[in-house]
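Chains as they are written, first to last, in our numbering: chain A, 1 to 250; chain B, 1 to 281.
What the hints contain is simulated information worked out from the structure, not anything from laboratory work. Remember, predicted model here, so these are calculated numbers, not experimental data. Among these hints, one or two may not hold up.
Non-contacting residues of chain B with respect to chain A, defined by C-beta distances greater than 12 Å in every case (computed) [unchecked claim]:
1) PHE11
2) ILE21
3) VAL22
4) GLY56
5) TYR161
6) ARG164
7) LEU170
8) LYS174
9) PRO184
10) THR205
11) LEU258
12) PHE259
For the chain B half of the interface with chain A, some residues (derived, Cβ under 10 Å), not all of them [as the list claims (entries may be wrong)]:
13) ASN94
14) PHE95
15) MET99
16) SER158
17) VAL159
18) PRO160
19) ALA166
20) SER167
21) HIS180
22) ILE187
23) SER239
Computed from the model, here is a short list of chain A residues facing chain B with C-beta under 10 Å [said to hold, decoys possible]:
24) ILE4
25) LEU54
26) MET75
27) LYS85
28) ILE86
29) MET88
30) LEU92
31) LEU96
32) MET110
33) ILE113
34) ASN115
35) LEU119
36) TYR131
37) TRP133
38) LEU169
Note that the Cβ used here is the ideal one computed from N, Cα and C, for glycine as well.
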Amino acid sequence: MVDIKIEITNLDIWFDSTKAVKNLSLKIYANEILSIIGPSNSGKTTFLRMLNRLNELESKFKTRGIVKIDRKDIMKMDVELLRKKIGMVFALPLPLPLSIFDNIAYGARMHGIKNKKKLQEIVEQALSKAYLWEEVKDRLSTSAFKLSGGQQQRLCIARTLAVEPEVILFDEPCSGLDPISTAKVEEAMLKLKKDYTIVLVTNNVKQAARVGDRTAFFLNGDLIEIDNTDKIFTNPSDKRTDDYIRGKFG
Amino acid sequence: MNSKKSQKIAFFLLFLATLLIVVPVGLIVVIIIQKGIGAISWQFLTDIPRKGMRAGGIFPAIVGTIYLVTGAIVFALPVGLFAAIYLSEYAKDNFLTRMIKLAIVNLAGVPSVVYGLFGLAIFVIFFNLGTSILSGSLTLGIMILPVIITTSREALESVPYSFREASLSLGASKWQTIRHIVLPNAIPGILTGTILGLGRAAGETAPILFTVAAFYLPQLPKSIFDQAMALPYHLYVISTQVPNVDENIRYGTALVLLFLVLFMNLIAIIIRYQFRKQKKW
């Protein structure tokens, strides 16, 4: 791993007067899966939503520090282009109130693709990459809400892939899913790593161990430790990391 | 008192309240149909009033009311909807915005005669539009704006926030999100507001009194700058200003007004139903 995809330097994030992320610096390499673990309220999701500037929707949000993607400051980028480049999959499956086909084609359409054939291609490719094509190819025009929870989450992954991002942010993507659906989502992530950089926020420590190349441990807005996943899970440098992984708190 | 007994009493009171609403509405409809149906004929619906409004038909008033309601909606729906979109999607939640929202809610409670005077001062005199369909439509439009804005805002805000996040996270712009995700899912609620506004615009007398309504005008308006008769005002005139008008002509006029409003509501309800059927969640 050599290429640095995202570089965060001295990042602080406040909501109102509460500091959610404190003086955070870290690098995310291209084509790795970086897992972020930590108890609730440790700033994991806030950090993730910083990367695609979704925090800006909150009026009480303030930030200081620099986040660069491909050496470009994200605050100076066009926000729509940034979000096209950095896709996101949310904690709960969030299909749009459209058909399966239109859900996947939505992003492409918003970015100006009108050609029907091209759209069909995009939809098929994205659904295949998310291992959903075989299950839904005969009912693309039905509502996305008719799918099961696990299928909906894979639909959301496919929808993110359809806009051709370079980075994908997963925000506890399996928190509402059964073990089999979780395994399918994890399988998809491992395959996607070849072409994408993945940041995975998870409450499930075992999931971080299963899929993460590196793992970062957040606590109360501080980055306690970041290292190769093997190292974090066998021989962490900080006692608090060890305690959290062993389930002593959180 | 045990829980079974209090349950029964609560049920009885709630049921009684519902009955109290239904009975007067039912009676109004029954009495108006009973007394007015005798007057309804092809001639009554398509002829001009004759013999000092004691005979003939009410066609000019029907046409006038349709013009006025259409004009009011054409003006108030886009303006109200755009204002609602601004207030719910773009305006920052600060003191000024809260004041504007409060003012709009309060405007809905302003007596209609005040709107009438306002219309007279602004449209008829200041903009020099004269007593005309245009002045009347604009006055009615201003009167129903608060209803349309308030209901449209509620409809927009009831679209789950998560849909907006999902759309924005794909790189859609804010306007694209509103246009393709928020608005289509808010249309049923917006139409509800339109229905309410429509009914009110059709039935009010005071706002059109000074701005458009003609006492007796046995011909159809030729342009939006003409005066026109209108059903509610015509009803008022033949009920109080003209002696010896047959009862069934008065009730017949009321019946026509009632059914005109119901018919327009029905159209809006059908449109709303079509949109609800498409709803995917």
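Hint validity - LEU119/A Cβ closer than 10 Å to any chain B Cβ: 14 Å, violated
Interface hint check: ILE86/A, Cβ to nearest Cβ on chain B, cutoff 10 Å. Holds or violated? 9 Å, holds
With d taken as the least Cβ-Cβ distance between THR205/B and chain A, does d exceed 12 Å? At roughly 42 Å from the nearest Cβ of chain A, THR205/B sits farther out than 12 Å, so the non-interface label holds.
Hint check, MET75/A versus chain B [nearest Cβ-Cβ separation less than 10 Å]: Hint on MET75/A: violated, closest Cβ of chain B at ~16 Å, above 10 Å.
Would the stated hint for MET99/B survive a check requiring a Cβ distance to chain A of less than 10 Å? 17 Å, violated
Measuring Cβ to Cβ, find out whether TYR161/B lies farther than 12 Å from everything in chain A. Check fails; 9 Å does not lie beyond 12 Å.
Using Cβ atoms only, decide whether ASN115/A comes closer than 10 Å to chain B, and label the hint accordingly. 18 Å, violated
Please check whether LEU169/A passes as an interface residue: C-beta within 10 Å of a C-beta belonging to chain B. This hint holds: LEU169/A lies near chain B, its Cβ roughly 9 Å from the closest one there, short of 10 Å.
Holds or violated: is the Cβ of PRO184/B farther than 12 Å from all Cβ atoms of chain A? Not fine: 8 Å to the nearest Cβ puts PRO184/B too close to chain A.
Just want to verify: GLY56/B was marked as not at the interface with chain A; is every Cβ pair farther apart than 12 Å? 53 Å, holds
Given a cut of 10 Å on the nearest C-beta pair, is the interface hint for TRP133/A held or broken against chain B? Violated, because the Cβ-Cβ distance from TRP133/A to chain B comes to roughly 19 Å (cut-off 10 Å).
Quick one: work out the minimum CB distance from LYS174/B to chain A and report holds if it exceeds 12 Å, violated otherwise. 9 Å, violated
The structure shown violates the earlier hints numbered 5, 6, 7, 8, 9, 14, 15, 16, 22, 23, 24, 26, 33, 34, 35, 36 and 37.
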